Amino acid sequence: PADIRDAARVRSAPAPVTDVARLSVCDLLVAQCDVNCCCDPDCSPEDFSLFTTCSVPVVTGDSHLCSQKAAVYSLDVEANPPERIFKLIDQVNPSIFCIHATNYKQALYLKSPEIPTPENFDQLLEKYGGASFRAEPDSWDLDTDVQNPPEANETSRYEYGLPVQTEDAFLRLPSPVVSSWCSDANPAGFLVNQATKCIRSVSVEKCDSIQALSMLFYINSSILAVPKSSQMVNITVQSIVVQSVNGMRTLLSSSDVLRLPMVLDELCINAVLGVNYHITHTDTGEIIEAAAAFVLGAISKEAISIEQSFKISFTQENTQPVPLSGNPGYVVGLPVRAGFQPPGYPFPAAFLSNKHSQLTILQSTSTQDCLAAQGARAPVLFGYNMISGCKLRITAAMKCQPLAQTLLDVLKGQSFPEFVASFGNSQAQDVLDWVPITQLHISEQMISHTLQSPCQIPVSLGIEVKWTKYGSLVNPQARIVNVTATITTSTLKQLPSGRERIIPVTSSVVFTDISSPAEPSYKAWPTIDIKLPFDFFYPFV
Amino acid sequence: SSQLSSLPLHILLYVNGIYYIFYFLATLVMIIYKSQVFSYPDDLLAPDLAVLFLMAILEVPRLYLGFKGNLTEAEAPLGLSLGLTVGSVVLCVYLLLWQTYVLWADVLLNAVLLSAYGLESGLKVTAIAAFVS
Numbered sequence: 025p026a027d028i029r030d031a032a033r034v035r036s037a038p039a040p041v042t043d044v045a046r047l048s049v050c051d052l053l054v055a056q057c058d059v060n061c062c063c064d065p066d067c068s069p070e071d072f073s074l075f076t077t078c079s080v081p082v083v084t085g086d087s088h089l090c091s092q093k094a095a096v097y098s099l100d101v102e103a104n105p106p107e108r109i110f111k112l113i114d115q116v117n118p119s120i121f122c123i124h125a126t127n128y129k130q131a132l133y134l135k136s137p138e139i140p141t142p143e144n145f146d147q148l149l150e151k152y153g154g155a156s157f158r159a160e161p162d163s164w165d166l167d168t169d170v171q172n173p174p175e176a177n178e179t180s181r182y183e184y185g186l187p188v189q190t191e192d193a194f195l196r197l198p199s200p201v202v203s204s205w206c207s208d209a210n211p212a213g214f215l216v217n218q219a220t221k222c223i224r225s226v227s228v229e230k231c232d233s234i235q236a237l238s239m240l241f242y243i244n245s246s247i248l249a250v251p252k253s254s255q256m257v258n259i260t261v262q263s264i265v266v267q268s269v270n271g272m273r274t275l276l277s278s279s280d281v282l283r284l285p286m287v288l289d290e291l292c293i294n295a296v297l298g299v300n301y302h303i304t305h306t307d308t309g310e311i312i313e314a315a316a317a318f319v320l321g322a323i324s325k326e327a328i329s330i331e332q333s334f335k336i337s338f339t340q341e342n343t344q345p346v347p348l349s350g351n352p353g354y355v356v357g358l359p360v361r362a363g364f365q366p367p368g369y370p371f372p373a374a375f376l377s378n379k380h381s382q383l384t385i386l387q388s389t390s391t392q393d394c395l396a397a398q399g400a401r402a403p404v405l406f407g408y409n410m411i412s413g414c415k416l417r418i419t420a421a422m423k424c425q426p427l428a429q430t431l432l433d434v435l436k437g438q439s440f441p442e443f444v445a446s447f448g449n450s451q452a453q454d455v456l457d458w459v460p461i462t463q464l465h466i467s468e469q470m471i472s473h474t475l476q477s478p479c480q481i482p483v484s485l486g487i488e489v490k491w492t493k494y495g496s497l498v499n500p501q502a503r504i505v506n507v508t509a510t511i512t513t514s515t516l517k518q519l520p521s522g523r524e525r526i527i528p529v530t531s532s533v534v535f536t537d538i539s540s541p542a543e544p545s546y547k548a549w550p551t552i553d554i555k556l557p558f559d560f561f562y563p564f565v
Numbered sequence: 003s004s005q006l007s008s009l010p011l012h013i014l015l016y017v018n019g020i021y022y023i024f025y026f027l028a029t030l031v032m033i034i035y036k037s038q039v040f041s042y043p044d045d046l047l048a049p050d051l052a053v054l055f056l057m058a059i060l061e062v063p064r065l066y067l068g069f070k071g072n073l074t075e076a077e078a079p080l081g082l083s084l085g086l087t088v089g090s091v092v093l094c095v096y097l098l099l100w101q102t103y104v105l106w107a108d109v110l111l112n113a114v115l116l117s118a119y120g121l122e123s124g125l126k127v128t129a130i131a132a133f134v135s
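Protein chains in written order, with this note's numbering: chain A, 25 to 565; chain L, 3 to 135.
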């Protein structure tokens, strides 16, 4: 009956083609001629005459065999029209280790997969049905019984990424896993500065029983100073900020009183909305201090979930935490560090580099009015070319000089830095690691024959940052080499009274890669340095 | 008294011994090479190695009995050696024809060994005939 025959046909995979004359690797299109494929059976002699070369000149079996058939295809371009030449030759492997004969049928072929049948389906499912399965067959039994106990690499110090251990388990940093709901099983990694935000489901009636809303949950277990030791470091409460229902935050003066959540007037107060851990460690991987800054807030009765934010940062003892923009090369997306040189010429001391002296660029606002936009600035991020601008409405009544000064302030900001850090981790003490900002002034001067001196107002600021790849070929670091700030001024024509003009003011930042192509360097040839000793020809000299 | 021991047989046995050491090491190294370069499952590797080691184990008494029988002009050890030679020949033919991978070098080595065995067997038969009569 038809169904049994069908079943039998399904049971065997198609036989592999081993005849060299019929094998064609470049025959990809079914029933169509492949271009430049001389072994394609679908090609007619007219198609062959259009070919330029044979993409597959030789088809052979395994080259290890001592003697085997080889199909050689070539194009005879001399003939008119060009025709394909097909030769079946015997290829001989001259090596003494060529395979003379094999008694193992699958020796030089890939294994055919087992076709599932009703009989072996269960067994195949068991072997291959999981998410992963072993490549070697079961007969090659690896030593799965005697497992090496996980070495656990008992380090006596914390290393980067190692979970920070506490008395009972790990220091928890609740974070969203898969969905936005908080999961308390995320451990904080040593030296991994993290900031997470997640949603926790709450109910005001039971708010004093929900552990994750209480300060105690985050500070009750002390941190182990070194892994697997008995030295404890208590988590101190650094500060408590109370956030009211309308969002206003107040810093509490005394942070030693533990404030636990409780229900008051249909509100749940003292619920933890954010925790900021600060861990101080030594340079040998030992935790010496831990502090937590809390943001407590009130949850109203209608709320069924709140967003909690958590942050952890690690600082080495006796250092000032300065956010690096890369180590050592700049990382794309991190702010370009800038600073001033304090008056100490000609022996400049360290640079002043703080938050207020970042390299910033004018930030476009929705009103697009330059004069109203004073103050809104965006930090220049390494690698991000930015352009921004605003529109300036000039009336006849405006005086030139104050306008020019205002525009200069708008373009450059309150404190335009003088130096830019060459590397992302340049320290303020290393004076040579800082690149001075070159300031250029281009004026679009229109030749005017008026007697008055033309009024020049700055209309654009272009900062060009030239950077290069520095260091090894496999791990190049970005290094800023040159920063040029170009102010372009244009002449402000005196307007007749009552008229007003709108001119665009732009500022842009461009990062240009000026790295020269890497050249391989070779070790110098060894030189033979032979010199005869001074008294080699003793009796004769 | 005329000497009945066969000098050619003695020389051949001596050369056979030295050649066999080379043959054993070469075949072993080639089996290791084959197992690395080609697909050589364990259930096919084991019989090949077993045959090689069995042949080595047979070779020692075979050569000893051959020497002893020839020198002492006794036909019993020589006859026993001839019997062991038959076994060695069978194993050699296996390595020549029915090994998993037969390389060209395998063919050469085994052909030389087979011809040595054949010549030896002929000389042993003549020696036995000489001793008996």
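Bear in mind the hints are in silico, worked out from the structure with no lab data behind them.
These numbers come from a predicted model, not from an experiment.
Treat each hint with caution, since some may be false.
To be verified - Straight-line distance between alpha carbons at most 20 Å, and here's what the computed EDC-like set of lysine to aspartate or glutamate pairs gives:
id, chain 1, residue 1, chain 2, residue 2
1, A, Lys129, L, Glu75
2, A, Lys493, A, Asp457
3, A, Lys415, A, Asp289
4, A, Lys325, A, Asp232
5, A, Lys135, L, Asp45
6, A, Lys230, A, Glu313
7, A, Lys325, A, Asp289
8, A, Lys93, A, Asp71
9, A, Lys129, L, Glu77
10, A, Lys493, A, Glu524
11, A, Lys135, L, Glu75
12, A, Lys325, A, Glu229
Unchecked claim - Ranges of calculated distance between the beta carbons of each label pair, as one might list FRET restraints:
id, chain 1, residue 1, chain 2, residue 2, range
13, L, Phe26, A, Ser545, 27 to 35 Å
14, A, Val101, L, Leu110, 54 to 62 Å
15, A, Asp114, L, Ala48, 30 to 38 Å
16, L, Phe26, A, Gly154, 44 to 52 Å
Just so you know, even glycine gets a beta-carbon here, dropped at the ideal spot from N, CA and C.
Pair hint outcome, Lys493 (chain A) versus Asp457 (chain A) [Cα-Cα no greater than 20 Å]:
holds, 15 Å
Measure nothing beyond the straight line between the CA atoms of Lys135 (chain A) and Glu75 (chain L); if it is 20 Å or shorter, mark the hint as holding.
Violated, at about 58 Å.
Restraint status (C-alpha distance of Lys415 (chain A) to Asp289 (chain A) at most 20 Å)
violated, 51 Å
CB of Asp114 (chain A) to CB of Ala48 (chain L), is that within 30 to 38 Å?
Between Asp114 (chain A) and Ala48 (chain L), where Cβ atoms are some 35 Å apart, the hint holds.
Next pair to validate is Lys135 (chain A) with Asp45 (chain L); report whether the Cα-Cα distance is within 20 Å.
holds, 16 Å
Restraint status (C-alpha distance of Lys129 (chain A) to Glu77 (chain L) at most 20 Å):
Given that 20 Å is the threshold and the Cα spacing comes to 46 Å, the pair is violated.
Next pair to validate is Lys493 (chain A) with Glu524 (chain A); report whether the Cα-Cα distance is within 20 Å.
With Cα atoms ~48 Å apart, Lys493 (chain A) and Glu524 (chain A) exceed 20 Å; violated.
Between the alpha carbons of Lys325 (chain A) and Asp232 (chain A), is the straight-line distance 20 Å or under?
Holds: Lys325 (chain A) and Asp232 (chain A) sit about 14 Å apart, inside 20 Å.
Taken at face value, is the distance from the CA of Asp71 (chain A) to the CA of Lys93 (chain A) at most 20 Å?
Distance ~26 Å between Lys93 (chain A) and Asp71 (chain A) Cα, so the pair is violated.
Check the hint pairing Lys325 (chain A) with Asp289 (chain A) against an upper bound of 20 Å on the C-alpha distance.
holds, 9 Å
Could one say that the CB atoms of Phe26 (chain L) and Ser545 (chain A) fall in the range 27 to 35 Å?
With a Cβ separation near 51 Å, Phe26 (chain L) and Ser545 (chain A) fall outside 27 to 35 Å, so the hint is violated.
Given a hint of 54 to 62 Å, does the C-beta separation of Val101 (chain A) and Leu110 (chain L) actually sit inside it?
violated, 44 Å
Violated hints, in rising order: 1, 3, 6, 8, 9, 10, 11, 13, 14; the structure is consistent with all others.
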